[in-house]
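Participant: Okay, here's what each chain looks like letter by letter:
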Amino acid sequence: MIEGALWRKWVFYNIPLILFVFVLLFPFYWMIITTFRPDGELYRPWNAANYQPFWTNNPTLDHILYLFEETSFARWMLNTMFIAIVSTIISLFCGVLAGYALARLNFPFAGGLGTAIFVTYLVPQTLLFIPLAEIIRNFRLGDTPWALILTYPTFLIPFCTWLMMGYFKAIPKELEECARIDGASRWKAMVYIILPVAVPGILSAGIFAFTLSWNEFIYALVFLSSPDQKTVPVGVTSELIRGDVFFWGPLMAGALLGSIPVAIVYSFFVEHYVSGITGSVKG
Amino acid sequence: MAMVSIRNVNKVYDGNVHAVKNVDLEVRDKEFMVFVGPSGCGKTTTLRMVAGLEAITSGDILIGDTVVNELPPMDRDIAMVFQNYALYPHMSVFNNMAFGLKMRKFEKSEIDKRVRDAAAILGIETLLDRKPRQLSGGQRQRVALGRAIVRHPQVFLFDEPLSNLDAKLRVQMRVELKKLHERLGTTAIYVTHDQIEAMTLGDRVVVMKDGVVQQVGEPLELYNTPANRFVAGFIGSPAMNFAEVTLSAANGTLWAVAPGFRIGLPAALAERAAGLAGEPATLGIRPEDLHIAGAGDPPELCLEVEVEVVEQLGSEIVLDTRAADTAFVASVEPTLRVRMHDRLRLAMNPNRLHLFDAKTEAAV
Amino acid sequence: MAVTAVSDATTRPVPRLRRLEDERWLALTLLAPTAVLLGLFIAYPFVEGVLLSLTNTRVGVEGGFVGLKNFHKIWDDSIFRTSVWNTFWYTGVTTVFKLALGLWLAILLNRHFRGKALVRAFILLPFIIPTVLSTFAWKWMFDPTFSVLNWTLFQLGIISQRINWLGDPDLAMASIIIVNIWRGVPFFAISLLAGLQTISPELQEAAAIDGARPWQRFWHVTWPLLLPVTMVVVLFSVIQTFADFQLVYVMTGGGPANATHLFATYAYQIGIGTGLLSEGAAISLAMFPFLFLIVVVQLLYIRRVETR
Numbered sequence: 080m081i082e083g084a085l086w087r088k089w090v091f092y093n094i095p096l097i098l099f100v101f102v103l104l105f106p107f108y109w110m111i112i113t114t115f116r117p118d119g120e121l122y123r124p125w126n127a128a129n130y131q132p133f134w135t136n137n138p139t140l141d142h143i144l145y146l147f148e149e150t151s152f153a154r155w156m157l158n159t160m161f162i163a164i165v166s167t168i169i170s171l172f173c174g175v176l177a178g179y180a181l182a183r184l185n186f187p188f189a190g191g192l193g194t195a196i197f198v199t200y201l202v203p204q205t206l207l208f209i210p211l212a213e214i215i216r217n218f219r220l221g222d223t224p225w226a227l228i229l230t231y232p233t234f235l236i237p238f239c240t241w242l243m244m245g246y247f248k249a250i251p252k253e254l255e256e257c258a259r260i261d262g263a264s265r266w267k268a269m270v271y272i273i274l275p276v277a278v279p280g281i282l283s284a285g286i287f288a289f290t291l292s293w294n295e296f297i298y299a300l301v302f303l304s305s306p307d308q309k310t311v312p313v314g315v316t317s318e319l320i321r322g323d324v325f326f327w328g329p330l331m332a333g334a335l336l337g338s339i340p341v342a343i344v345y346s347f348f349v350e351h352y353v354s355g356i357t358g359s360v361k362g
Numbered sequence: 015m016a017m018v019s020i021r022n023v024n025k026v027y028d029g030n031v032h033a034v035k036n037v038d039l040e041v042r043d044k045e046f047m048v049f050v051g052p053s054g055c056g057k058t059t060t061l062r063m064v065a066g067l068e069a070i071t072s073g074d075i076l077i078g079d080t081v082v083n084e085l086p087p088m089d090r091d092i093a094m095v096f097q098n099y100a101l102y103p104h105m106s107v108f109n110n111m112a113f114g115l116k117m118r119k120f121e122k123s124e125i126d127k128r129v130r131d132a133a134a135i136l137g138i139e140t141l142l143d144r145k146p147r148q149l150s151g152g153q154r155q156r157v158a159l160g161r162a163i164v165r166h167p168q169v170f171l172f173d174e175p176l177s178n179l180d181a182k183l184r185v186q187m188r189v190e191l192k193k194l195h196e197r198l199g200t201t202a203i204y205v206t207h208d209q210i211e212a213m214t215l216g217d218r219v220v221v222m223k224d225g226v227v228q229q230v231g232e233p234l235e236l237y238n239t240p241a242n243r244f245v246a247g248f249i250g251s252p253a254m255n256f257a258e259v260t261l262s263a264a265n266g267t268l269w270a271v272a273p274g275f276r277i278g279l280p281a282a283l284a285e286r287a288a289g290l291a292g293e294p295a296t297l298g299i300r301p302e303d304l305h306i307a308g309a310g311d312p313p314e315l316c317l318e319v320e321v322e323v324v325e326q327l328g329s330e331i332v333l334d335t336r337a338a339d340t341a342f343v344a345s346v347e348p349t350l351r352v353r354m355h356d357r358l359r360l361a362m363n364p365n366r367l368h369l370f371d372a373k374t375e376a377a378v
Numbered sequence: 220m221a222v223t224a225v226s227d228a229t230t231r232p233v234p235r236l237r238r239l240e241d242e243r244w245l246a247l248t249l250l251a252p253t254a255v256l257l258g259l260f261i262a263y264p265f266v267e268g269v270l271l272s273l274t275n276t277r278v279g280v281e282g283g284f285v286g287l288k289n290f291h292k293i294w295d296d297s298i299f300r301t302s303v304w305n306t307f308w309y310t311g312v313t314t315v316f317k318l319a320l321g322l323w324l325a326i327l328l329n330r331h332f333r334g335k336a337l338v339r340a341f342i343l344l345p346f347i348i349p350t351v352l353s354t355f356a357w358k359w360m361f362d363p364t365f366s367v368l369n370w371t372l373f374q375l376g377i378i379s380q381r382i383n384w385l386g387d388p389d390l391a392m393a394s395i396i397i398v399n400i401w402r403g404v405p406f407f408a409i410s411l412l413a414g415l416q417t418i419s420p421e422l423q424e425a426a427a428i429d430g431a432r433p434w435q436r437f438w439h440v441t442w443p444l445l446l447p448v449t450m451v452v453v454l455f456s457v458i459q460t461f462a463d464f465q466l467v468y469v470m471t472g473g474g475p476a477n478a479t480h481l482f483a484t485y486a487y488q489i490g491i492g493t494g495l496l497s498e499g500a501a502i503s504l505a506m507f508p509f510l511f512l513i514v515v516v517q518l519l520y521i522r523r524v525e526t527r
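Top line first, the protein sequences correspond to chains Z, C and E.
Position one of the first sequence corresponds to residue 80 (my numbering), numbered consecutively onward.
Position one of the second sequence corresponds to residue 15 (my numbering), numbered consecutively onward.
Position one of the third sequence corresponds to residue 220 (my numbering), numbered consecutively onward.
Everything labelled a hint here was simulated from the structure, so no lab data went into it.
Some hints could be false.
Quick list of in silico lysine-lysine cross-link-like pairs, DSS-like style, CA-CA up to 30 Å [what the hints assert, rightly or not]: (1) K116(C) <-> K267(Z); (2) K88(Z) <-> K335(E); (3) K373(C) <-> K252(Z); (4) K267(Z) <-> K192(C); (5) K267(Z) <-> K252(Z); (6) K267(Z) <-> K122(C); (7) K145(C) <-> K248(Z).
Short derived list, chain C residues pointing at chain Z, Cβ under 7 Å [said to hold, decoys possible]: (8) Y102; (9) A134; (10) L136.
A virtual CB, placed ideally from N, CA and C, is assigned to each residue, including glycine.
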């Protein structure tokens, strides 16, 4: 690197970076502080004399308790967890197999199929949610977790396939050729040699798929109706707002707790997640 | 152990790239056969067809008495060593070597015995618990070899196995491969682009170019009597000198004439080339068959050259010289005192002259 | 045939029937689960959606074929026109800012400093935390009476009275745009950082030795090499933003007075909110030609960038 004076480093690098980090993280701080702030402080106008934005001296667990006692929040968490895990497993299964086929096998229409999957990668959920709601109803899946478990793979599979394709292509072909000469069938060469080698890629795709499922909103909003079936994002939205009244304390508590599973998974696999992002933008 | 027969085999990719054309040869039992040629000559494709990794467009490949055209690689009873070794990165050295035996459902005790035997032969007993990434290039190479030999296959296939090693290690492994083949006696097909490997390792060598077999023969046969200009230029280092000449008969001698020199062909060669008098041809002479002309050299085998570059190698001197339009590389005594731009008189070894048809490039 | 040339001793084993050794069968098997799921829940609903948009179906009322009536109707609908305009404005403005800020952040991160891994992990949080949940935090921050944003601006002396962020159409749009940028910048930054890291520092040094100033080095060396990654990142981001739903749904619900609707939120309001399924389907399908055009144009451009 070409280095300059210390003050330049601060003006051009450190200070902007600190500002970026501050702005990007402040909403989370606000979420946390609101969660533990008693209602009396929460609804104090900002031009009041004793308005104290960044700290509270009377932390409370009331909002969190409200969440667990007055709403089905625990249930929503379990629903979301279940749906996210199962749809991630389904998508990984499909995506790994399809990615392998597209990366490694010669067959008619391989190119066309690859493009087709890439195009579905670009189909947003909001394009199809209305007809899909009808189909879900016709299949009698409405208001069950399966409505989401079966539809989430539609946006997860293309992503997993695309990511795994890139990953498989980076594994030397000779590995499986050698395995096949060593006496493995194509299928065994894939299962015993290529898949173990691709574990980091599979993890990346899995983490990504998990966070995407946890984040999904419109399908969950449209396909589920009874409070006990809801996922965290939908439950928080529909049960903690009554008409025009926002229960900000529980809302922020719900947002905070609802984010924690994703944040934990993320924190364990940051590197895989980042390589998932970078893998997905490499053609 | 078995012989491998390649009968009139063709490979056409996507209906238009003809990668291998009518290859027809037999690799004898216990033979070490080397396929050599420049990249894209079809040697690797041929090997991969023997392995079953590429489908055969037409023709038959037999291992022993069995036509293997339709057999998947796992049923061909072969072992292959790849250029990048293709060691399974998630398995220990032991498991890498045991994988093929496990796939074939060998007893655990038998697997253990075979792996340890192979490891002993290759001197890698202490590495069995390591992962491939903890090994040096030479060690990886040995593991790849070990993985092939534990299987006791009918045929070994080698796809440029030494080209990822540094020069010193390559020479060492070449010797070991030779010893290993001596000891095991398994039929082997070895693909390389390196003519030195071909010459040193092969019982016989197949030279290929553009999908066509140019010549099959023992190393010295290729060196001494190359079938055509391509083989002549490919085998031997530094490469053979070629001069574009016109043949003309005068005074009972057949002369090879070019601007700057003319060489009187020795009787045996002249006899074979008699029909070509008046035609253009290519004269070939190896650098080691050129020497500084002395009193005993007949004048019709001598030519005047100017030295352009002097490469002192210690054991010899390689001179890049020029006679008018034609460049001659000569390999001469290391004691010679010679400088750039010196003019020299070189003489050719009469028994070592080669002549090639200008159009067909075949040896005369 | 070659068979006649083969001596009697040779055997020509018929390979055991193993379909999966044949690449085509194996490929078919491996692709089948994906094809079934995508066919059932993407291709089929797409066709169904097109058919639906040509009827007058409502919730609970099976409708008949009405041709392009729904499309005529939304064409004349001023709210629909507003949402088309909003969608383009929203997508355009946020993309420019996300790209500029993301690139800046990527450059800031593309150095060695203590705690770099930690900073990188933390700045991705806006991207991974569920959008709905983090958007609620913003909505709460934008609260005109109780929250921190107005307080800060007041303390800094920028405003003298409260601003009703989400109550005014223009300010509401601006607020949504800010939140979208906030959420998108990390994705841009991390992707572009990955792109930057593939550019060999020797190129920078070579350019510096050739006498290029920092700005010239960026413009003539870094930017052209970064362009392929940039294009793909922009493509993803544009499509996601164009079809966005959750952010607007939470922040304004399309209000005030339907001023901040996008395609998706308006389709939801008509199709699910009021139960005019066919009209809602028509509105969300109206996104399709635009999306298609965006994808085609960008893919062509990416191809051009990559092949040059």
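Participant: All the hints need checking, so say for each whether the structure fits it.
Facilitator: Do the hints match the structure? See the list:
no.	hint	result
1	K116(C) <-> K267(Z)	holds (12 Å)
2	K88(Z) <-> K335(E)	holds (15 Å)
3	K373(C) <-> K252(Z)	violated (41 Å)
4	K267(Z) <-> K192(C)	violated (33 Å)
5	K267(Z) <-> K252(Z)	holds (15 Å)
6	K267(Z) <-> K122(C)	holds (19 Å)
7	K145(C) <-> K248(Z)	holds (22 Å)
8	Y102	holds (6 Å)
9	A134	violated (21 Å)
10	L136	violated (17 Å)
This entry does not satisfy hints 3, 4, 9, 10, going by the numbered hints stated previously.
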